[in-house]
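**Student:** Please dock the two separately framed chains into a single complex, following the hints provided.
Take a look at the letters that make up each chain.
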Amino acid sequence: MGAPPSGKGKDSGRSVRVIAGREVAFDDDGFFDDFEDWSEEVFEALVHASGMALITDRHRQVVRFLRDFYAYNGRAPLNNELRKGTGISLLELDRLFPGGLKNGARRLSGLPNPKTCS
Amino acid sequence: MKKIRLCVNGTWREVIIDTDTVLLDLLREDLGLTGAKQSCDRKGQCGACTVMMNRKAVRSCLARVADLEGADIITVEGLGTPDNPHLIQEAFVLAGAIQCGFCTPGMIMAAKTLLDASPDPTLEEIKHAFRKNLCRCTGYKKIIEAVQLAGRFLRGEITPEAVRPGPDQGIMGTSHPRPSAMAKACGTAYFTADYRIRGALELAVLRSKIPHARIVSIDVSQAEKMPGVAGVLTAADIKGTNILKVQVADRPVLCKDKVRYIGDPILAVAADTRENAEAALGKVRVQLEPLPTLGDPEGAMAATAVQLHAEFPNLCFEQPQIKGDVQAALKQSSAVVEARFKTQINHQAPLEPEATIAYWEKDDAGGDDQLVIIGRSINIHFHLGMLQAALGWENMRYIEAFSGGQFGIKIDVISEGIAGAAAIHFKRPVRYIPSLAESMLMTSKRHAFDMRVKLAADHQGNLTAYCNDFLVDNGAYHSIGHVVANRALLMLSGSYHIPNVQARGRQVYTNNPWGSAARGAGPPQANFALDCAMDMLADKLGIDPFEFRLRNSLKPGQSKSTGRVVKEWPFPDLMEAMRSHYQRAVNEAAANRSGKLKRGVGLGTGAFGIGMPGDTSVAAVELDPDGGISVYAAAADPGEGNDSMLTQLTAQFMGIPLDRVRLHTRDTGNTAASGPAAGSRVTYMIGNALINALEQLKAAMQETGAKTSEALEAAGRPKRYLGRKKNEDAGPLDPKTGQGPSFESQVHGVQMVELEVDTESGKVKVLKMTTAVDAGPVINPQNLTGQLEGGMDMGVGFALREEYVAGKTKDWKTFKFPSIRDTFEMEIIIKETLRPKGPLGATGVGEMCMVPTAPAVINAIKNATGVWICDLPATPEKIKAALAAAR
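Chains as they are written, first to last, in this note's numbering: chain A, 1 to 118; chain B, 1 to 887.
Hints may contain errors.
[Unchecked claim] Cross-link-like lysine to any residue pairs, in silico, SDA-like; alpha carbons within 25 Å at most:
no. : chain 1 : residue 1 : chain 2 : residue 2
1   : B       : Lys726    : A       : Glu23
2   : B       : Lys726    : A       : Arg17
3   : B       : Lys726    : B       : Ser630
4   : A       : Lys84     : B       : Asp369
5   : B       : Lys726    : A       : Gly30
6   : A       : Lys84     : B       : Pro499
[Stated by the list, open to error] If we take Cβ atoms under 8 Å as the criterion, some of the chain B residues that face chain A in the derived model are:
no. : residue
7   : Ala365
8   : Glu394
9   : Val618
[As the list claims (entries may be wrong)] If the Cβ cut is set under 8 Å, some of the chain A residues that face chain B in the computed set are:
no. : residue
10  : Asp34
11  : Ala71
12  : Leu78
13  : Asn80
14  : Pro114
Since the hints were made in silico from the structure, they are not lab data.
Note that beta-carbon positions come from the ideal geometry of N, C-alpha and C, so glycine has one too.
Excised from the complex, chain B in its bound form (with noise of 0.2 Å):
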């Protein structure tokens, strides 16, 4: 140990400490300054502990305290407050560049050193700075602009009251900041690892290494004798179901008898301290006997091949899905093309690890004790209902934190059925803070998918007939599964009006990771299949894809695949829209092809389905006191903007100022039963709830006079009202054709990338990417650009570099994580079609933005250098092989 006097945020401290604790443990661990978070394992790689010492932004995860002797140290923490904050702090709110939070601190203190330094950075200077600070959200954009916003600040060029929008704007759409954007900046939005609990015990848990095994025998007596270990956890010590069912009862919050991918959870140590608990699990015996391992859907389905589950067959799901005559109409077609399409297995890459607390609080009227976890949920009630039956503990209240981004990671419980368990198994407070690692081991991932495809067009190049049969590979759990397959089917004619449609969705078990919502969850997938063959056909047919694309889009009164009938569509407007930039791009692209770097043009589409057949949403409202409204609504917000839209709804239809609404959304004590922030349906469905609610509140408002929740209450009324949004189609698939319900509306995109590739190491860059989105009118359009940036940035990673490998992807460097180096210019174009049923006519746009990419970013390859990458991602290593084998 060593005895350290360092200066931090102004005040000496003195410390003892181990030789190996870095500082980010010690602000965080010991000061209580948890604005730094971790993220990479204290490897360096994401910048998220970013603080500035002695002048300079320093990675906290890597500076041992012992080296620190007499430094000078300024975290997120001593640069402001919410109620005073530092001009850097509001140029990040005022810029839209905070969405989940996590890497705002660091990002923030990095800005800080560079502005201290250079007053008036060049774009370069500011890539170079921050080349190691890492964000999932937003595609760095709006982080690049939130530094020069800064630098203006700061030089006395503009003040924040000139950039933040005045009462006089409105409300509906104006970037009002966040609600929540201001604690994010300052470093006190409490993230779940931030929470600290004196006397609380630490998990680790042991997994397995290989993908199919029997567990034999379990020997923890010699764990159970280490230092500070209060007691081991198995399946056996649950007193519920032990299973943690979202479709399909059939995965464990730990294993019993078999592990069936690399990650499946064996059981828990659980110690004073995390070091302890992981000490502890290294004297843990486990013996697994080995099973054949289905490594493919293909494989899976074999006659011998052995069944993952006693309950459910491998080929768990199987929907088809036949839109008048697909043979006839190949017949007839002019020009056919056919090919395989493959995507990858991915990680949704929330920047925040996984993590649960789990306490107790008493019940003064003599119950069983309440159990209250703290997680990064994005449906409490379902989820809190999930554990309630695995666990078999009734009185139980789950509240969601701040959440690092998820990406549809947490449509699942993963952390909290163990953290729940132990602290019912121990009746102690518990906190489960894995390593990113583990976190990568033990979620979900994105389904791959493995589609042959036949799409055909007549002489004039309308489109006849689509074919697609696709195999998904679920993993080895359910999950959500056989909804991303649906959701496929129930999107797969994309933009376009195809009269006659033959596919065949299959869900198969193998002893992969196993997959679930991921950033459009399905669409995305299957959309790359239809949108490369697009091109394919097009280029047959010697029509430009551009005009292709115009002269198929469906229109009113046609069918999308599921045989139903739209009455809006306004895709051809955003075509048309997008025409002078592709012209624009097709001649510049033209123009630099003679060298090893060939440029080239692609465009994808996509229509994304809001309001899913069937859901329902609820949402309470009450009037104040003070004519102000509370909102109580479990509408989860992991970073896009669910507090915004909210507030703005609900300020704009009362007519209130924005500062009159009050949130109440993270905790199941308080909150109606929304519903999941996930399918793109909190603005549809929770909005619309709460447009429900308000017209009753304000109906009885005026029909009374009341102006305050005691002048309403005294005119008879009640002060509270629930809304409820059902949507009118329901039901599910036809079993046999795949016709039937359909989502209540699209939001519309189109994409255009332009990129160059170098011939020679086949490494592409990405130049520029131009969308065209309707989702209806803007509410908030920093929020509304700042999901589309962050989806451009994010489904070029899945096109090009991302993809997760079992036991091999375990960090950001091994994952590819897209840095600020990656980053390419950026255009948006904004329609605004009126959507009749949606909440003040507007839809959502969340997932939108990923579902063209891969096919445009495809496109564009092809366009450059006339070679098909069908298989995703397209790595320098494919696309070098594929221009060989075109030689």
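Excised from the complex, chain A in its bound form (with noise of 0.2 Å):
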């Protein structure tokens, strides 16, 4: 359906970025425009950007089970589902990465955002 308008009213749309050499689009809320856009290099590059200090075995956990769920269902999981799926509480998920589940993993796995209408 396109982006929202801002102020008086534009669409500011998606903008394109080199991420670790290579063309990233992301929509207003910085979500992959798409899913095959994603890669490790991508995802490394974004995490250092947006300020965390390591990458951990638990962080990379969760990308993947993310990204799989994604590409099984077509769909983001609920976080009961990442819950059960990782074995990782919901409290520690919340705080593994900044912006928490839905603006944080899910936007750093490159999964669709959640406020998009398709």
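**Tutor:** The following block contains the structure:
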């Protein structure tokens, strides 16, 4: 459905940035425009840019689960599904990524913006 | 109370019942026979509750049970079952007379009564028998054909087996019955209000009766003491953002400090029964301080106007479009016409009122319980996200029930927000089943457009320039508002080549009902102006409007108003297909203009974009143990036939029988997030994602030789694949020029209206409408023609009758819902130009049929009478006034 109007109203739309040597399109909220644009290298570059000091196995486990879940189901998991799938408590999951699960982990994993119409 | 003995579907029953209870409520609430539907607030206006009583068709909402001692009642459930259907049910399925299915049980019972009494009814007898049964989807044509087919079945002239397409007739291009049709015909398809939950709370909602006010105080102390009341829900009780955001965060679940339109929700009372909730609502005391009303966009843009939303200016969106040099072109043009066109606020008018069920499912692993919402959404995953944020509860699931039409209205969360909030607040299951009147108040409407237009041509009759400066009445909330203005600009030049364009779309907040998606969403309004101006200009140039349109068709290699060059444009072929029909119609009209009844012919065209820039979709498929295919895609089907589309595409592509395709489309828990059933996108976007998934599966099966899931997995390959569709063109229109990306394809249409105007009364009688359409290869002809017929009927209503006036339009009578008495002859011409990027070459057709209709009707009125009606709807009063002014 396109991006929301800002101020007097123009679609600001998507932005394209070069990350880890490849062009990646993002929407207004910083979510990947295309699930397929994600790579380990892009993920690491984004993580460092977000101010996270270290990528741990926990982070990679969550990202892998999110991407595998989406690739299989075509949707993002609910938190309970994420908890069951990773064995990590919601409290820890929410603290792992800046911005929490939806705006942090999901965004860095290349999943679509939950706010997009499609 | 009274004790009554009556026979229902062959079983004698004894009931003790309030003397005011009507048969519909006995059937639905007490006996669980939910085939008969409630739409018109028990006013006897819609016929969705029709049952057979003592061999006569009765509207069960008007029949008091206390008067029915000894009555013999037959409901649709008593006629047949999906495994053993009655011949009338078979006929409705095979004739393609079932779209959303909400009116179907009533229609079938009306048919049963008619055919019992008159085995071979005339057309007039059918129209008389169905005069009180309303349908929004079909335009009644296929319902009439179903009754005629049922008559043939019952008379033994033909059997269902002889009509039902067999395996030898192929998959694509064949009218295989919709997978969901028989359940709808037998009353076993569950619509939201059909679900019963023991112990559920029922809701009643207090809504503003004035358009703009500050909420000064709310006193619920007396209401809370009323019998059966569990409590009162206000904005303060909602844990999340309380905002239902589509594009802009402006619409609250429940209003906190202000109300902004007639119908804005203030609070909800929850009680053990709907009656108790409503009684308690009467005890709520709310003090509102009226604020100045923004009645129209121009007033709302005035410097002195109050600002409706603190965070957003009243002029909330503005997008110009500039192609070429209009001013220079106007100076050099031989003929210019100038006019102002207005369209009305209109209700989309699905027959089913708004409804939501919310209940809890326990999480066995110890997490939060899951809130399950059952409703009418056409975008379950997106709406789930909206609800999670608004209500502050993450563990949630949305299930799309069978849905009684929607026509754009369910692009938004409506009753789900309040129902979900109440379920969370009271930690109880909740049913929120509003009346029709409340449903009309709470839902979005078609935006009103106010368009100032200039159209110019050179001396040879070639279009040179087009200006359209349009204001869109956004109403109180944004919803998808600017998308509607953008869609109008994306399709602004319609079917034509216009080298110079200067347009501006502005969207303005007012205190009117909030606008949102409505079949076509923008182009039907904008195209009304363009295609009427085409006739005005043809008239001025002295060129026949048919030849003028054909001469100015866009051609491959030329560009639309967005500057995008098109590669395919089969519009001229459609015009040629219409030529002989047009010549006949013109001749017949000319011979029928001597008396007070003047006959006219009008044309309208449309090029409706399919595959919005930037749109994406996904669909998952899985090979089953028996070699069948399961499809997992949230492709809502409020009546268009998306179940047919998914099934037939899958069967065709995989070479398997239709009954080996299993659809999973309604639950966020097991579907891919495929996007909305909006913008005529389902076939093109979700169909393409489906084909992409099937391509992956098919390749794996071919490479391994596997034919079952077990064999495929044994060969080391997955049995499940996710398909994607991503449009190549993306991004917004240029903010200064409105040039930029465009749709991947178009569905093209030409419509011709033949009508008769009574020059004394101003009444218009549509005699015939002919539609030529090219939507690519046809998947299911009945579904395609069903969309076109219903769209023609809706388009005529938009052009001549329908208008939503807040506070006045409150039922189907005041809405002027089209009945079978308003039907007219319809003829459809189909062309099938392959669209290279479409799923098996197809596009989509659900909205195109609304785009040319209004201008075709208005052009025909002008052709008949010589007067222009530029302000929809063209009511008899307006036509009479125009004729008087012309005299």
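**Student:** Of all the hints numbered above, which does this structure not satisfy? Sort the numbers upward.
**Tutor:** 6
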